[in-house]
Amino acid sequence: MISQLVFAILLLGAGYYFYLNAAKIYRNIKLGKKIDRFDNPSERLKTMLLVAFGQKKMFKKPIPALLHLLVYVGFCIINIEMIEILIDGIFGTHRILSFLGDLYAILIGSFEILAFAVLISCLIFLIRRNILKVNRLNQAELNKWPKTDANLILIVEILLMTAFLMMNAADYKLQQLGVAGYHTVGSFPISSHLFAMLPDNSSSLISIERFCWWFHIIGVLAFLNYLPFSKHLHIILAFPNTYFSKLEPKGKFENMPAVTAEVKSMLDPSIPPPIGEVSRFGVKDVQDLTWKNLLDAYTCTECGRCTAACPANITGKLLSPRKIMMDTRSRLDEVGKNIDANKSFIDDSKTLLDTYIRREEIWACTSCNACVEQCPVNINPLEIIMGIRQYIVMEESQAPSTINNMLSNLENNGAPWKYAQADRANWSQQ
Amino acid sequence: MENQLYIPTVAELISKGETPDLLFWVGCSGSFDERAQRITRDICKILNHVGIKYAILGTEESCTGDPAKRSGNEFLFQMQAMMNIQVLDGYEIKKIVTACPHCFNTIKNEYPNLGGHYEVIHHTQLIQALIDEGRLKPADGHEFKGKKITYHDPCYLGRANEVYEAPRKVLESLDADLIELKRCKSNGLCCGAGGAQMFKEPEAGNKDINIERMDDVIASQATVVASACPFCMTMLSDGVKIKEKEQQITVLDIAEITVRSNKI
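Taken in order, these protein sequences are the chains called A and B.
Residue 435 is where the first sequence ends in the numbering used here, and the numbering goes up by one at each step.
Residue 786 is where the second sequence ends in the numbering used here, and the numbering goes up by one at each step.
These are calculated hints, taken from the structure and not from any lab test.
Check before you lean on any hint, since a few could be wrong.
Unchecked claim - With a straight-line Cα cutoff of 25 Å, these simulated SDA-like cross-link-like pairs (lysine to any residue) come out: (1) 538(B) to 62(A); (2) 66(A) to 133(A); (3) 575(B) to 433(A); (4) 289(A) to 62(A); (5) 538(B) to 37(A); (6) 704(B) to 139(A); (7) 66(A) to 240(A); (8) 62(A) to 122(A); (9) 62(A) to 705(B); (10) 66(A) to 701(B); (11) 39(A) to 228(A); (12) 39(A) to 701(B); (13) 617(B) to 430(A); (14) 785(B) to 133(A).
What the hints assert, rightly or not - Ranges between beta-carbon positions, derived for each pair: (15) 729(B) to 54(A): 33 to 43 Å; (16) 360(A) to 729(B): 25 to 35 Å; (17) 156(A) to 764(B): 38 to 48 Å; (18) 691(B) to 342(A): 52 to 62 Å; (19) 575(B) to 281(A): 47 to 57 Å; (20) 767(B) to 251(A): 34 to 44 Å; (21) 223(A) to 737(B): 51 to 61 Å; (22) 342(A) to 737(B): 40 to 50 Å; (23) 764(B) to 417(A): 49 to 59 Å; (24) 697(B) to 67(A): 27 to 37 Å; (25) 406(A) to 767(B): 31 to 41 Å.
Unchecked claim - To spell it out: a stretch of chain A is covered by chain B in this simulated footprint if at least three of its residues, at any positions, have a beta carbon under 8 Å from a beta carbon of chain B; those stretches are: (26) 250-257; (27) 261-274; (28) 309-318; (29) 330-337; (30) 362-372; (31) 405-418.
All C-beta atoms in this analysis are idealised placements derived from N, C-alpha and C, irrespective of residue type, glycine included.
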């Protein structure tokens, strides 16, 4: 009875704490500007099913894709087991779903195989990060916390899977010993190999079984509450993020409506100029981004496929699209905490541009869309980069001098170079 | 210099009471850059050869605004766009072919929202369609037969608009040995000129992007690199020079290859 109570309190507490943090993230995302990504639901659903559920874009790199698929499928399927753990925990039952008989045996058997696959995959991932030192997993922006975050996630997953398998092994041995309460159910293709490691007396076995059971459920609840603070949040946000993808060609950049109104009135004096000032052209801080840009930032799991494909980064420039996303999230978290403390945002003399992202990064971009193409969850770092350029050029007039020369040529003679408009068709006369 | 190529402007056709079926949008590079001018003339030769009734805007053409938009000057972009739309709509232009993927992308994707609605194709798509229709056919004994040719995907044609096949179909028609670069199609590597980089010095790094790309080309062992963008043309040609491979590697536009292989 006490354990049921403890279980219920843990469950409610974990659920509530997760809700609080998830609500903060939702509020932070809503700080972004409006953008319509609710059109064409069937196309959006299709994109989500293919890209998030089906992991389509992961397979640009087959080996990590396969390992990731195992972890992903394992995670989803083994969570079915959570249903049983929840019921058992609340009602004090043991393996309540075992009435399913053969089906139960098949389920437990496949959970075990998947758990083992997850465990091995996570081990390989740890090796790739820490021993093989795969380049994109060891770049400068990952120093300190991001690397720890990544390793923590992998280690916790390994521990959870180990606990799950040990619990089954102890249970199975107790079944074999005919201990009361441990009726013979399930099949244990993996954990049966752990027999030799376990003691023979039933009280130790029961302790191990119970410890692993509690470790597993507490671990899962703790992991859930770790998500809002971690890059691992992608396991949830990958789905909405791909649903709200840009469905238009990658080359199509948004035309700013405020500018359209103004340019129209400049070209045609009969159209009155727009009323009211535009608060800001372009992006200086996270509030100037769209909510989708902010959702992107929370979805990013720092895999670095974008950066590995970025021509600027490949050739040693400061720009890393992954860092753009990580900076956006860090700044958004900071703005969120500012709001938590002050009820509304109070100027902290920091901004996304300059405090987090340097101008040198922004000007190194070739707008080639390689980062957008590579992202397995359809994040778009390019929109943020272009938004910042707009701020630098339109609000500050601080573009590099060569860019300013090009712009003034364009303005004066309709070409980015200093050639007279009247000479434009000279080639056709030769 | 060139063999009496007559290139009409829309204004000239209108004054004769005629209208073009197709507008050839030349672009700034195609108008002013010497290397790109050769490509421009080749596109005109192809259009003449197959008898398409086309025209250019001539001195009425102006930059689409792409470099302004990509460098962050939305005002200048929209000014350019709306002035161009006024000219195009004034002549009731319906269909446009562009020589430059940047112009192609801008007119096709970013003009509609500002009131400019046209059917826009890139010259590689036009050439592919002409091959499919049987109106263009590589001549016997042309110079590309059996040669190792590779294709560099321009970002604004490839990833930006997913035109991967048209230029490859053109090359496939040559009976050449078409080899893909290590990074190709959706994984293609930029030449380094996009996003207004063409007009500025690169940021500090350890390599220029076109040199990185040239390494892919050299590794492919191709003797001809085909491209379809005047900016890529500049970057790749510079790369060939810097790598001192002028004797081994030629950079050609799909239009130039078509003119030569068809012996137009």
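Hints, one by one, checked against the model:
{"no.": "1", "hint": "538(B) to 62(A)", "in the structure": "violated (54 Å)"}
{"no.": "2", "hint": "66(A) to 133(A)", "in the structure": "holds (14 Å)"}
{"no.": "3", "hint": "575(B) to 433(A)", "in the structure": "holds (16 Å)"}
{"no.": "4", "hint": "289(A) to 62(A)", "in the structure": "violated (31 Å)"}
{"no.": "5", "hint": "538(B) to 37(A)", "in the structure": "violated (55 Å)"}
{"no.": "6", "hint": "704(B) to 139(A)", "in the structure": "holds (19 Å)"}
{"no.": "7", "hint": "66(A) to 240(A)", "in the structure": "holds (19 Å)"}
{"no.": "8", "hint": "62(A) to 122(A)", "in the structure": "holds (22 Å)"}
{"no.": "9", "hint": "62(A) to 705(B)", "in the structure": "holds (16 Å)"}
{"no.": "10", "hint": "66(A) to 701(B)", "in the structure": "holds (21 Å)"}
{"no.": "11", "hint": "39(A) to 228(A)", "in the structure": "violated (32 Å)"}
{"no.": "12", "hint": "39(A) to 701(B)", "in the structure": "violated (45 Å)"}
{"no.": "13", "hint": "617(B) to 430(A)", "in the structure": "holds (20 Å)"}
{"no.": "14", "hint": "785(B) to 133(A)", "in the structure": "violated (54 Å)"}
{"no.": "15", "hint": "729(B) to 54(A): 33 to 43 Å", "in the structure": "holds (40 Å)"}
{"no.": "16", "hint": "360(A) to 729(B): 25 to 35 Å", "in the structure": "holds (29 Å)"}
{"no.": "17", "hint": "156(A) to 764(B): 38 to 48 Å", "in the structure": "holds (42 Å)"}
{"no.": "18", "hint": "691(B) to 342(A): 52 to 62 Å", "in the structure": "holds (55 Å)"}
{"no.": "19", "hint": "575(B) to 281(A): 47 to 57 Å", "in the structure": "holds (48 Å)"}
{"no.": "20", "hint": "767(B) to 251(A): 34 to 44 Å", "in the structure": "holds (39 Å)"}
{"no.": "21", "hint": "223(A) to 737(B): 51 to 61 Å", "in the structure": "holds (52 Å)"}
{"no.": "22", "hint": "342(A) to 737(B): 40 to 50 Å", "in the structure": "holds (46 Å)"}
{"no.": "23", "hint": "764(B) to 417(A): 49 to 59 Å", "in the structure": "violated (32 Å)"}
{"no.": "24", "hint": "697(B) to 67(A): 27 to 37 Å", "in the structure": "holds (33 Å)"}
{"no.": "25", "hint": "406(A) to 767(B): 31 to 41 Å", "in the structure": "holds (33 Å)"}
{"no.": "26", "hint": "250-257", "in the structure": "holds (count 5)"}
{"no.": "27", "hint": "261-274", "in the structure": "holds (count 8)"}
{"no.": "28", "hint": "309-318", "in the structure": "holds (count 3)"}
{"no.": "29", "hint": "330-337", "in the structure": "violated (count 0)"}
{"no.": "30", "hint": "362-372", "in the structure": "holds (count 6)"}
{"no.": "31", "hint": "405-418", "in the structure": "holds (count 8)"}
This entry does not satisfy hints 1, 4, 5, 11, 12, 14, 23 and 29, going by the numbered hints stated previously.
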